[in-house]
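*Asks:* What follows is each chain in one-letter form.
2 protein chains.
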Amino acid sequence: MKKLSIGIDLGGTNVRFGLVDNNGKIVRQEMLSVGNSRDHASIIFLLSEGVRKLRTQITDNRSPITGVGVGAPGIVDSKNGIILRSPHYPLWHNFPLKRELSKALNVPVSVDNDANLIAAGEAWKGAGKKFKNFIMLTLGTGIGGGIIIDKKVFHGDSGFAGEIGHMVIDFNGEICDCGGRGCWENYVSIDGLKWMLKTSAAPNKEELLAATPKKLFEMAKDGDTSAHAAWKKFGAYLGAGIASLINVTGMFSYVIGGGIANAWELFINETNKELARRTYKESVERTVIKRAELGDSAGILGAASSIVRRK
Amino acid sequence: MKKLSIGIDLGGTNVRFGLVDNNGKIVRQEMLSVGNSRDHASIIFLLSEGVRKLRTQITDNRSPITGVGVGAPGIVDSKNGIILRSPHYPLWHNFPLKRELSKALNVPVSVDNDANLIAAGEAWKGAGKKFKNFIMLTLGTGIGGGIIIDKKVFHGDSGFAGEIGHMVIDFNGEICDCGGRGCWENYVSIDGLKWMLKTSAAPNKEELLAATPKKLFEMAKDGDTSAHAAWKKFGAYLGAGIASLINVTGMFSYVIGGGIANAWELFINETNKELARRTYKESVERTVIKRAELGDSAGILGAASSIVRRK
Chain A
25 MKKLSIGIDL
35 GGTNVRFGLV
45 DNNGKIVRQE
55 MLSVGNSRDH
65 ASIIFLLSEG
75 VRKLRTQITD
85 NRSPITGVGV
95 GAPGIVDSKN
105 GIILRSPHYP
115 LWHNFPLKRE
125 LSKALNVPVS
135 VDNDANLIAA
145 GEAWKGAGKK
155 FKNFIMLTLG
165 TGIGGGIIID
175 KKVFHGDSGF
185 AGEIGHMVID
195 FNGEICDCGG
205 RGCWENYVSI
215 DGLKWMLKTS
225 AAPNKEELLA
235 ATPKKLFEMA
245 KDGDTSAHAA
255 WKKFGAYLGA
265 GIASLINVTG
275 MFSYVIGGGI
285 ANAWELFINE
295 TNKELARRTY
305 KESVERTVIK
315 RAELGDSAGI
325 LGAASSIVRR
335 K
Chain B
25 MKKLSIGIDL
35 GGTNVRFGLV
45 DNNGKIVRQE
55 MLSVGNSRDH
65 ASIIFLLSEG
75 VRKLRTQITD
85 NRSPITGVGV
95 GAPGIVDSKN
105 GIILRSPHYP
115 LWHNFPLKRE
125 LSKALNVPVS
135 VDNDANLIAA
145 GEAWKGAGKK
155 FKNFIMLTLG
165 TGIGGGIIID
175 KKVFHGDSGF
185 AGEIGHMVID
195 FNGEICDCGG
205 RGCWENYVSI
215 DGLKWMLKTS
225 AAPNKEELLA
235 ATPKKLFEMA
245 KDGDTSAHAA
255 WKKFGAYLGA
265 GIASLINVTG
275 MFSYVIGGGI
285 ANAWELFINE
295 TNKELARRTY
305 KESVERTVIK
315 RAELGDSAGI
325 LGAASSIVRR
335 K
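Sequence lines, in order, name chains A and B. Just add 24 to the spot in the first sequence (first one is 1) and you have my numbering. Just add 24 to the spot in the second sequence (first one is 1) and you have my numbering.
Looking at chain A on its own, in the form it has when it is part of the complex (with noise of 0.2 Å):
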């Protein structure tokens, strides 16, 4: 009998919904819009109602689901099951998903970090799947980071590892949204290719400021040497902070996912040379930096793992 779990990606707009089984195959999906009402007994309705519908879709009666995990944005106490955070959404704050959710569902329930679910996720199927150690970064509007050890996310003290957004790149640097300056992901992220933009001299600034990085990642194609610098320069910025990231854990596998990371080819040279020179080479060698594999997939996969492979 296969068993049955159902991974939750909760973003702040949309919520996507798996119905995994025990080999990693997403069998059903949903997704729902979260819609204005974001107060704990609306999210846990919302939640309750995606996964009812995933359950109705069951056809084999002898499979009741496992249990539940979901992915939440912020800064989650991955053992109690609470967002103690959500920098974007203030009702999250202090919110205890798991205890809330289990209630409605009379199923177990585990929550953790979204980053770290889309890492957990590429550790299961995905690009990380035959590292034993690695560090996934999602790009994006920030860096999301997840590090798994042993093939487990790694947690750290209450469940906070992974902010690795805000490790200091620039000790003067810009200011950052978490109250810090110079944080690495005021480079490496939609913002930081922004910045790039805006401190360069290229002669058509107003409209490489006014295009999206898919747009941005085209002009670089087509000849726009200004939007090739910016994306070099970010591969540079992301480059450093692997470096340090290197330094600090000796872990030498990566794995780069989120929307950005298609512009691969425009950054990947500059990484790569940037941190070839901030780390040993006895590191340089060791190190292997590979593109995600699941794209939306991963953060589902990767809740729907936290409650099947503890099994």
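Please keep in mind that the hints were generated in silico from the structure rather than gathered at the bench. You can take every hint at face value.
Since the list can't tell identical chains apart, any single copy or any two copies may satisfy a pair.
With a Cα cut of at most 30 Å, we get these calculated DSSO-like pairs of lysine-lysine:
#, residue 1, residue 2
1, K103, K305
2, K175, K103
3, K297, K103
4, K49, K153
5, K218, K305
6, K103, K156
7, K297, K239
8, K154, K176
9, K26, K176
We have chain A already, so just place chain B on it with the hints.
*Replies:* Frame of chain A, contents of chain B only:
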């Protein structure tokens, strides 16, 4: 019957040897200087000589030593006991110390990076005794780092973890010996302190630059505002780097040792302030920074612990 083992702290100038019982008491100590012959055979001879001296002092004939642990500077493949690279001692590159020393002594030998074993020593009998996880910083000519997870040294993939002095803290910063620039230890070290002074507008800059860290400590305490400012800036860079470590690892306990940590009262407030600026309040609340307790004994105890605690 008490089990005895020997811990060796192999430095570039001196080698410290300690006969350690399984409660972590150093029963006897020896020190030998390295001298001018630094080739593999000479080092093996020297280490064997120190071990022989300690062995002859074991009065209880029924207690043979259970093994010898060695802490060595540089990048150590601890699994295989090979010094891959010791930046200041090129003759020690690719030195299979474990194999050669265990052949010479006919006892089990383990080899690890010196900063890792200082951390292990503090974990066993010092400031880290009550921590399950912590990061040890040894401040001096650079920053020695050791990461303790679940009471054991975390080695990463090949034993290189803990090269925390080479986290990038200023992307365009000072050139570092490692080939990178703006490494953390370019600021948080004796040279870093000099840099703070060099880039300051101190009227008595020449005098300050000629001073030892100890003298700078005294000058600051005696009211020299420039010396005081340098220690504060040193503290701020220390705090920024600890914030990075907190954000990456989610680990909240830090133990700081090394000579310049003696100026504690002059920099620690600034360290705490700066790290509070650069990490989440949920992390700040949980963070504990302690001074190391074992001084020079930490390395010997840590080296011995890699033998004793294996039993």
